[in-house]
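Position chain C relative to chain F; hints supplied.
Protein chains: 2
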Amino acid sequence: MRLDGPVLVVGAGLLGTSIALALRRVGVDVALRDISEENLRIASGLGAVNVDATAVRPQLVVVAVPPDHLAEQVAAALTGTDAVVTDVGSIKGAPLAGTRERVSATELTRYVGSHPMAGSERSGPVAASAALFDGRPWAVTPHETASASAVDVVTALAQACGATPVTFTPDEHDQAVARTSHLPHLLAALVAGRLADAPRSHLALSGQGVRDVTRIAAGDPSLWRQIITANTPALASLLHAVRDDVDTLLRALSDGDGAAVTAVLDRGVQGTAVIPGKHGTPAGPLATVFVVIPDHPGELARLFADAGEIGVNIEDLRIDHDPARAYGLMELSVVAAAADELLSALGERGWTTHR
Amino acid sequence: MRLDGPVLVVGAGLLGTSIALALRRVGVDVALRDISEENLRIASGLGAVNVDATAVRPQLVVVAVPPDHLAEQVAAALTGTDAVVTDVGSIKGAPLAGTRERVSATELTRYVGSHPMAGSERSGPVAASAALFDGRPWAVTPHETASASAVDVVTALAQACGATPVTFTPDEHDQAVARTSHLPHLLAALVAGRLADAPRSHLALSGQGVRDVTRIAAGDPSLWRQIITANTPALASLLHAVRDDVDTLLRALSDGDGAAVTAVLDRGVQGTAVIPGKHGTPAGPLATVFVVIPDHPGELARLFADAGEIGVNIEDLRIDHDPARAYGLMELSVVAAAADELLSALGERGWTTHR
Numbered sequence: 001m002r003l004d005g006p007v008l009v010v011g012a013g014l015l016g017t018s019i020a021l022a023l024r025r026v027g028v029d030v031a032l033r034d035i036s037e038e039n040l041r042i043a044s045g046l047g048a049v050n051v052d053a054t055a056v057r058p059q060l061v062v063v064a065v066p067p068d069h070l071a072e073q074v075a076a077a078l079t080g081t082d083a084v085v086t087d088v089g090s091i092k093g094a095p096l097a098g099t100r101e102r103v104s105a106t107e108l109t110r111y112v113g114s115h116p117m118a119g120s121e122r123s124g125p126v127a128a129s130a131a132l133f134d135g136r137p138w139a140v141t142p143h144e145t146a147s148a149s150a151v152d153v154v155t156a157l158a159q160a161c162g163a164t165p166v167t168f169t170p171d172e173h174d175q176a177v178a179r180t181s182h183l184p185h186l187l188a189a190l191v192a193g194r195l196a197d198a199p200r201s202h203l204a205l206s207g208q209g210v211r212d213v214t215r216i217a218a219g220d221p222s223l224w225r226q227i228i229t230a231n232t233p234a235l236a237s238l239l240h241a242v243r244d245d246v247d248t249l250l251r252a253l254s255d256g257d258g259a260a261v262t263a264v265l266d267r268g269v270q271g272t273a274v275i276p277g278k279h280g281t282p283a284g285p286l287a288t289v290f291v292v293i294p295d296h297p298g299e300l301a302r303l304f305a306d307a308g309e310i311g312v313n314i315e316d317l318r319i320d321h322d323p324a325r326a327y328g329l330m331e332l333s334v335v336a337a338a339a340d341e342l343l344s345a346l347g348e349r350g351w352t353t354h355r
Numbered sequence: 001m002r003l004d005g006p007v008l009v010v011g012a013g014l015l016g017t018s019i020a021l022a023l024r025r026v027g028v029d030v031a032l033r034d035i036s037e038e039n040l041r042i043a044s045g046l047g048a049v050n051v052d053a054t055a056v057r058p059q060l061v062v063v064a065v066p067p068d069h070l071a072e073q074v075a076a077a078l079t080g081t082d083a084v085v086t087d088v089g090s091i092k093g094a095p096l097a098g099t100r101e102r103v104s105a106t107e108l109t110r111y112v113g114s115h116p117m118a119g120s121e122r123s124g125p126v127a128a129s130a131a132l133f134d135g136r137p138w139a140v141t142p143h144e145t146a147s148a149s150a151v152d153v154v155t156a157l158a159q160a161c162g163a164t165p166v167t168f169t170p171d172e173h174d175q176a177v178a179r180t181s182h183l184p185h186l187l188a189a190l191v192a193g194r195l196a197d198a199p200r201s202h203l204a205l206s207g208q209g210v211r212d213v214t215r216i217a218a219g220d221p222s223l224w225r226q227i228i229t230a231n232t233p234a235l236a237s238l239l240h241a242v243r244d245d246v247d248t249l250l251r252a253l254s255d256g257d258g259a260a261v262t263a264v265l266d267r268g269v270q271g272t273a274v275i276p277g278k279h280g281t282p283a284g285p286l287a288t289v290f291v292v293i294p295d296h297p298g299e300l301a302r303l304f305a306d307a308g309e310i311g312v313n314i315e316d317l318r319i320d321h322d323p324a325r326a327y328g329l330m331e332l333s334v335v336a337a338a339a340d341e342l343l344s345a346l347g348e349r350g351w352t353t354h355r
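Protein chains in written order, with the working numbering: chain F, 1 to 355; chain C, 1 to 355.
Chain F extracted, bound-state conformation:
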């Protein structure tokens, strides 16, 4: 089943407006609905809409509203139209259960949940972009009685938006994101919460590690509260396991049992190794090269021009800021075999480097 449109997008926030823009980019007709006139005006101004929402008979309705309102809006779309309906919320079990309570078994066959793995720290239609989903995974999560044609239409939506569809059951999806997204968010918030309590002078010893661990904890608490409370079963079982781990660590510390501490650390190392690397391949052995970057415009350009001439591909990079320092340290990750070449070639071009 192709995505012929028109598509009605309900909710002109970051995701809804970005989906509308991505569909317009490939010529699919789009109508947009939102309770906020302001959001609709902005989204229209961006070119996200070309069809009147009050007159449209959509092939597909995309529900892109906050998690707490998903089931109600999905159900309204199923009963109010004969279209295929999807939602793009971060949790799939809860909206499915809520929808099931509100619609007939026949209507439910037209619903297939989905979840594009894309977002931004910003929100609202002004942050929207047709390119938001390009190359991202997009989970498609059919329930047991979903019709094959509805699954096809939602899969086609993901592809039309430039994403790569990946199929999960709703339950599998929720378990996966509990582990890869919600638990990391909660534990980042707990680490950050301990910093909020700290004497300010102690924070002078904050390095790049704690910055990395806590970065996502800056996310919107109201949105994350909705996500977390909607994924209770999967998250509770992981949190119980974490509490057991914390108890193990506390017992190991009080008993001076170094082997038990090492076991926890070893499992952590194993966990970092199973995260898929760049482009889905297991991460190969990379080496890090540090380069001192004077803190003014132009230096990064000069560095990458030099790296480009040297011909070594930069696999990853980060700027390591230290509060006490008047410049940045650039951490370049390259294939291990190329590190020495890069190091000496950068040195010859006058850069201060170390591994």
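Don't take each hint at face value.
[Unchecked claim] Here are the simulated distance ranges between beta carbons:
1. F:Glu348 with C:Glu348: 33 to 39 angstroms
2. C:Arg25 with F:Thr248: 31 to 37 angstroms
3. C:Val274 with F:Ser254: 28 to 34 angstroms
4. C:Pro233 with F:Ala263: 36 to 42 angstroms
5. C:Gly258 with F:Asp171: 20 to 26 angstroms
6. C:Thr167 with F:Asp171: 51 to 57 angstroms
7. C:Asp82 with F:Asp257: 35 to 41 angstroms
8. F:Asp171 with C:Val274: 34 to 40 angstroms
Treat the hints as calculated values from the structure; they're not laboratory data.
Here a beta-carbon is modelled for each residue, glycine too, at the ideal position from N, C-alpha and C.
Just chain C now, kept in the frame of chain F:
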């Protein structure tokens, strides 16, 4: 008191050899000792040594051995020489206590612990660099009976290595790093440990967030076991607080108490805001601009050349790799007021961007 040398460095690993190189850079005489002939050969080859360790009468001994051996080596240096002695371990209370048991009260006055906030995921002398400490904080942690002149010499060591000395009591230091380094490491390991248990297919939904949170968990378990077990009191009190937080979350999930979840998330947001920003100033409002980067050499150079011409200073950056994507997304952080200018100017130069 100036650092006139000679300095005897005990332990030719990453830190010891880097300190030796940094001191040689400013003309201080350095002798080096290590149980490994191999390490000594490598460090000598790098130019880290110019004085014979068996004949030297040092002004300062720097003990740079693994945490488990610090007290024994500090005590040996205090009783075997009349020099000022420091160590560069990550924990300050435990080596002080162990040293106190082994030396006289008079000898103890010559000991002042310290801790340079620098390192590398690599270890050993081949990873050493004279530039490792440039601009980094270096904690100097005098105990109550340390002599003022010993404190001066250790402070001068930090400065000679290019670092910025920051004074803490040993106990304050250990509490600070428990919060800013050891607890983040342990919780990163717990998040990563849950990934090790996961069905591999679920990991396809791993995004940049979980990569950031778990990055430090890849660190050497043997070294981290020593650090963590040596900082038991400070770490145990934080772990108890984390366990209480986890219990609060579990109760909130089981009671459907959204407000309690929000409270934990809110405190996390506060914690991310108190980490000192770039150059010690509170982080100003930054905005993120995403740019699509084709995955071959030269593209980064072209991007930064364009950014340099546009004249907007890049405050921070990261490459966001998604397994499903055949290219990178570069996340550029710039002062919020400059984001729109950068976005449109990059767009004019043909880059695919979004916020």
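Outcome of the hint check:
1. The hint said 33 to 39 angstroms for the Cβ distance between F:Glu348 and C:Glu348, and at roughly 35 angstroms that hint holds.
2. Distance hint check for C:Arg25 and F:Thr248: the Cβ-Cβ separation is about 45 angstroms, which falls outside the suggested range of 31 to 37 angstroms.
3. For C:Val274 and F:Ser254, the Cβ-Cβ distance of about 30 angstroms falls inside the hinted range of 28 to 34 angstroms, so the restraint holds.
4. Distance hint check for C:Pro233 and F:Ala263: the Cβ-Cβ separation is about 22 angstroms, which falls outside the suggested range of 36 to 42 angstroms.
5. Between C:Gly258 and F:Asp171 the Cβ separation comes to about 22 angstroms, which falls inside the hinted range of 20 to 26 angstroms.
6. For C:Thr167 paired with F:Asp171, a C-beta distance near 55 angstroms keeps the hint of 51 to 57 angstroms intact.
7. Look at C:Asp82 against F:Asp257: about 40 angstroms separates their beta carbons, and that is inside 35 to 41 angstroms.
8. About 39 angstroms separates the C-beta atoms of F:Asp171 and C:Val274, a value consistent with the hinted range of 34 to 40 angstroms.
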